[in-house]
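Chemist: The primary structure of each chain is shown beneath.
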Amino acid sequence: MSAAFLVSLAASANAWMSGRAFPARTLVAPDADRFLERAPLAARDWVVGFFPVSLHWLVHSLISIVAVLAVFGLFFAFLTIIERKLLGRIQNRLGPNRTGPFGLLQPFADAVKALTKEDIVPAAADKLLHFLAPVIVVAFGLMGFAVLPFGRDIIPVELDAAVLYFFAASSATELAIFMAGWSSRNKYSLLAAMRALAQLISYELPLLLSIVPVVMLASTLSTSEIVRAQGGWTLGILPHWNVLTPWGAAGFLIFVVAALAESNRSPFDLPEAESELIAGHLTEYSGFKYALFFMAEYFGMTALCGLGVTLFLGGWQAPCAFLEFIPSYVWFGAKLFGLILGLIWIRGTLLRLRIDQLTRLAWKFLVPLALINLANAAFWSLTAGLPWPGQIARWIVSMALVAVPFVTIGRTLSAGLAPRTYKYA
Amino acid sequence: MLGSGILKGLAVTAKNFAGSYYDPARMVTVEYPEKRIPIPENYRNFPFLVSENAEDPMGTLRCVACQICEKECPPQCIYIEKSKDKKPDATGKLQLFPAVFDIDTSVCMSCQICVEVCPFDAIKMDQVYEIAATDRFNDLLLDREQLAKSNSYFHQIHPTEASEVDARLAAERKAAEEKAKAAAAAKAAVAKPAIPTAPAPAPAPKPAAASNAEAPKPPPPVA
Amino acid sequence: MTLVLAIIAAFTLASAACAFSRRNLIHSALLLILTWAGVAGFYLWAGAEFVAFAQVLIYGGAVSMIVLFAVLLTRRSIVDPIVTPASRSRVAAAMGVGTAVVAVLVAAVLNTSFGPEPVHAPTAEVRQIGFQLMGPQAGSLLVIGVILTIALIGATILAASDRENPRAVGASARSRMGKGELSTAGRRAVLPVHGKDAAS
Numbered sequence: 001m002s003a004a005f006l007v008s009l010a011a012s013a014n015a016w017m018s019g020r021a022f023p024a025r026t027l028v029a030p031d032a033d034r035f036l037e038r039a040p041l042a043a044r045d046w047v048v049g050f051f052p053v054s055l056h057w058l059v060h061s062l063i064s065i066v067a068v069l070a071v072f073g074l075f076f077a078f079l080t081i082i083e084r085k086l087l088g089r090i091q092n093r094l095g096p097n098r099t100g101p102f103g104l105l106q107p108f109a110d111a112v113k114a115l116t117k118e119d120i121v122p123a124a125a126d127k128l129l130h131f132l133a134p135v136i137v138v139a140f141g142l143m144g145f146a147v148l149p150f151g152r153d154i155i156p157v158e159l160d161a162a163v164l165y166f167f168a169a170s171s172a173t174e175l176a177i178f179m180a181g182w183s184s185r186n187k188y189s190l191l192a193a194m195r196a197l198a199q200l201i202s203y204e205l206p207l208l209l210s211i212v213p214v215v216m217l218a219s220t221l222s223t224s225e226i227v228r229a230q231g232g233w234t235l236g237i238l239p240h241w242n243v244l245t246p247w248g249a250a251g252f253l254i255f256v257v258a259a260l261a262e263s264n265r266s267p268f269d270l271p272e273a274e275s276e277l278i279a280g281h282l283t284e285y286s287g288f289k290y291a292l293f294f295m296a297e298y299f300g301m302t303a304l305c306g307l308g309v310t311l312f313l314g315g316w317q318a319p320c321a322f323l324e325f326i327p328s329y330v331w332f333g334a335k336l337f338g339l340i341l342g343l344i345w346i347r348g349t350l351l352r353l354r355i356d357q358l359t360r361l362a363w364k365f366l367v368p369l370a371l372i373n374l375a376n377a378a379f380w381s382l383t384a385g386l387p388w389p390g391q392i393a394r395w396i397v398s399m400a401l402v403a404v405p406f407v408t409i410g411r412t413l414s415a416g417l418a419p420r421t422y423k424y425a
Numbered sequence: 001m002l003g004s005g006i007l008k009g010l011a012v013t014a015k016n017f018a019g020s021y022y023d024p025a026r027m028v029t030v031e032y033p034e035k036r037i038p039i040p041e042n043y044r045n046f047p048f049l050v051s052e053n054a055e056d057p058m059g060t061l062r063c064v065a066c067q068i069c070e071k072e073c074p075p076q077c078i079y080i081e082k083s084k085d086k087k088p089d090a091t092g093k094l095q096l097f098p099a100v101f102d103i104d105t106s107v108c109m110s111c112q113i114c115v116e117v118c119p120f121d122a123i124k125m126d127q128v129y130e131i132a133a134t135d136r137f138n139d140l141l142l143d144r145e146q147l148a149k150s151n152s153y154f155h156q157i158h159p160t161e162a163s164e165v166d167a168r169l170a171a172e173r174k175a176a177e178e179k180a181k182a183a184a185a186a187k188a189a190v191a192k193p194a195i196p197t198a199p200a201p202a203p204a205p206k207p208a209a210a211s212n213a214e215a216p217k218p219p220p221p222v223a
Numbered sequence: 001m002t003l004v005l006a007i008i009a010a011f012t013l014a015s016a017a018c019a020f021s022r023r024n025l026i027h028s029a030l031l032l033i034l035t036w037a038g039v040a041g042f043y044l045w046a047g048a049e050f051v052a053f054a055q056v057l058i059y060g061g062a063v064s065m066i067v068l069f070a071v072l073l074t075r076r077s078i079v080d081p082i083v084t085p086a087s088r089s090r091v092a093a094a095m096g097v098g099t100a101v102v103a104v105l106v107a108a109v110l111n112t113s114f115g116p117e118p119v120h121a122p123t124a125e126v127r128q129i130g131f132q133l134m135g136p137q138a139g140s141l142l143v144i145g146v147i148l149t150i151a152l153i154g155a156t157i158l159a160a161s162d163r164e165n166p167r168a169v170g171a172s173a174r175s176r177m178g179k180g181e182l183s184t185a186g187r188r189a190v191l192p193v194h195g196k197d198a199a200s
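Residue numbers (the numbering used here), protein chains in the order written: chain Z, 1 to 425; chain R, 1 to 223; chain E, 1 to 200.
Mixed in with the good hints, there may be bad ones.
Stated by the list, open to error - Calculated pairs, DSBU-like style, for lysine-lysine (alpha carbon to alpha carbon, straight line, at most 35 Å): (1) R:Lys-93 / R:Lys-15; (2) R:Lys-174 / Z:Lys-85; (3) R:Lys-35 / Z:Lys-117; (4) Z:Lys-364 / R:Lys-15; (5) R:Lys-8 / Z:Lys-364; (6) R:Lys-93 / Z:Lys-85; (7) Z:Lys-423 / R:Lys-15; (8) R:Lys-35 / Z:Lys-113; (9) R:Lys-8 / Z:Lys-423.
FYI, nobody ran anything at the bench for these hints, they're computed from the structure.
Here chain Z stands alone, though its shape is the one from the complex (with noise of 0.2 Å):
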């Protein structure tokens, strides 16, 4: 939290000094001046009325750290107990249901058991890095937050770079994960830290080579912008997002499945199975330092979904023209929302794939097909102003530069597999 802080401070320092307008952008927008849209930013401004000038962007950052930790501390709080419960009726029993209505109190029960659980902390331990992994981890997951737009104007850094700076945050968090499993002085947290920092790099690769060609169209790499790129409608119902075009089709799916595996969730979860290598990477770590991974790992997760809803979904954009009324935030919640929903559905069915499954999945099929579609964003770009029956075969060439690569490539790599048979079954 206080290395968001730091960040936070450093731009907005960085912009009072170098005496840019503070803040970046006003309300300009001619349908943003409902009272619902306005009201985040309007409150904000009053509070920092409060403070004389000189410390307005202080103040101003840390209205934004504590807006963002209060509003994702409490989902994640209630992502927990939502999960549970949503696993649970696909896997035909209740949830949690005794503490409070609904199970709703559950976070708060757990929360108490993690803190007063005993904190062992081995014998041979290196105790500062012992120490210090779960900080970063939770410090470098929460950074990666500054930089998504909320809503129209809500952000809580403007910057230039906001994709490579939500990049460079999470590959932070890798780092924290050997350190945990190396400062446990267990030959397998190590063994098990190095399989999850191998995991994280395959996939860093398809992660960030299916937002180049989001970025290439955009033509910048700051977030709000490539939100407002993604405005608009054909025919006021169809919306331009960029999940509704082939390329980003099969680029959002390559972000989603890289975005499980870099936030280790299943099916991607080898590194912190229950049943593998005792807890993996967390095996010395209980209480309160393992709620502190656990909570890492939420955040991440919301994170690469806030970067999916935003280079992907729209942003805050409604997918409609006559459902503007409904503030910006509420859109990027609800599509939020139904990303992480999508993804707790994905982890109550697929199976855990095994290191060499994963790793082969990223290297031979992922990345190609990343790849390509690179291309077909670039020949989608270069085919925008054509006529319409031009528009027409540049569909129909673009699905199929989708498709083709996708079939080829997934019949090579399954040749060998046949469906298992059971001899004596």
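Here the structure of chain Z is known, so what remains is to put chains R and E in place on it, guided by the hints.
Modeler: Just chains R and E, lined up with the frame of chain Z:
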């Protein structure tokens, strides 16, 4: 097609999720302790002693302290002390009864051997499972008062077995009565011609009636 | 302004100093990563956001992995990678080289004529960097791409050839046994069984 398996799997889980709200087959959780799963009839937990009626449980125990179950119990968890006196049982015959009948439920393994060997259908298996105790030794040693439950309770928990036992016991009782009636009739028939002719006609029905009423008493020797 | 620069400089220099004075190699590697983060702080202070995030992503995200994997996979024992200085002559040589480098840097700084401070801080917008990379600097971008591809291919070849290396213990030993050659352990296991069969 690659990915079709995943899509089918997602459809299955979605059906499960939706069905869990209205289809009882897709929501198998029974929210204990508000609801309980109905127990099958031949479920057993620990034994109990059957007494004929609930008003006098100690006085109408079927158990006659024969100690067969005590000897047959594999972990030897039954402890019986016979009474000093006898009291009449359901057929009127005088029987002993258990003054002390203890079962140590921390030892009992619910094997039902005591039920199988009891010749009097006096001990049967109970079905209560909510018998958690706080004291490890005293609370788990059940004595006669805690073990005695009525025959109507037995009917409630094991209807078919209880009806079968009752039918069998009624038949046995009827057979015993028939036999007693036949024995009394035989004794009356034996006693009748042995009486001399002097008080022949008038006292003839009297000795028959008298011998009928006093069947257990041996007929006076007529020499 | 100077205070911020002084703090970032002190942090970077302190972590670098600790990095090469620690006996534990993993600690040194992690402190080196902290030094790279300090350099990223420099870039941020100078207003080059793109370069700062690229520095964190590439050095902190990728190069650090390489360093850590290299340290961990080339140690004799997995327990404690501690480095001991070899001899006095090595220490003396290191000091000499270090002094030479410092002398060169100081000379370069002293001989540079710094112009007047610019009125506006220079900005490096991402768009401008993109145009530069695709236009005047396209050649260097292609050369870097070729170098990275060569490195990737080389790594794949090294990893692949390791699997067929006959000195590898597990799989190749089993394949040798399958071809009829027995290792000593296998021979020892086979003979007593035959002896038992002969006796019975």
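Chemist: Compare the structure with each hint and give your call.
Modeler: Against the structure, the hints:
1. A hinted pair counts as satisfied when its Cα atoms are at most 35 Å apart, and Lys-93 of chain R with Lys-15 of chain R does not qualify at roughly 67 Å.
2. Straight-line distance between C-alpha atoms of Lys-174 of chain R and Lys-85 of chain Z comes to about 62 Å, which puts the hinted pair past the 35 Å bound.
3. A threshold of 35 Å between alpha carbons decides the hint, and for Lys-35 of chain R with Lys-117 of chain Z the separation of about 33 Å falls inside it, so the pair holds.
4. With a C-alpha separation of about 33 Å, the suggested pairing of Lys-364 of chain Z with Lys-15 of chain R holds against the 35 Å cut-off.
5. The hinted pair formed by Lys-8 of chain R and Lys-364 of chain Z meets the criterion: a straight-line CA distance of about 24 Å does not exceed 35 Å.
6. Using a Cα cut-off of 35 Å, the hinted pair Lys-93 of chain R and Lys-85 of chain Z is violated, with the two alpha carbons roughly 65 Å apart.
7. Under the criterion of a C-alpha separation no larger than 35 Å, the hint pairing Lys-423 of chain Z with Lys-15 of chain R is consistent with the structure, at around 31 Å.
8. A C-alpha spacing of about 28 Å is found between Lys-35 of chain R and Lys-113 of chain Z, which places the hinted pair at or below 35 Å, so the restraint holds.
9. Only pairs whose Cα atoms come within 35 Å are accepted, and Lys-8 of chain R paired with Lys-423 of chain Z is accepted, the gap being roughly 25 Å.
Of the hints listed earlier, those the structure fails to meet are numbers 1, 2, 6, in rising order.
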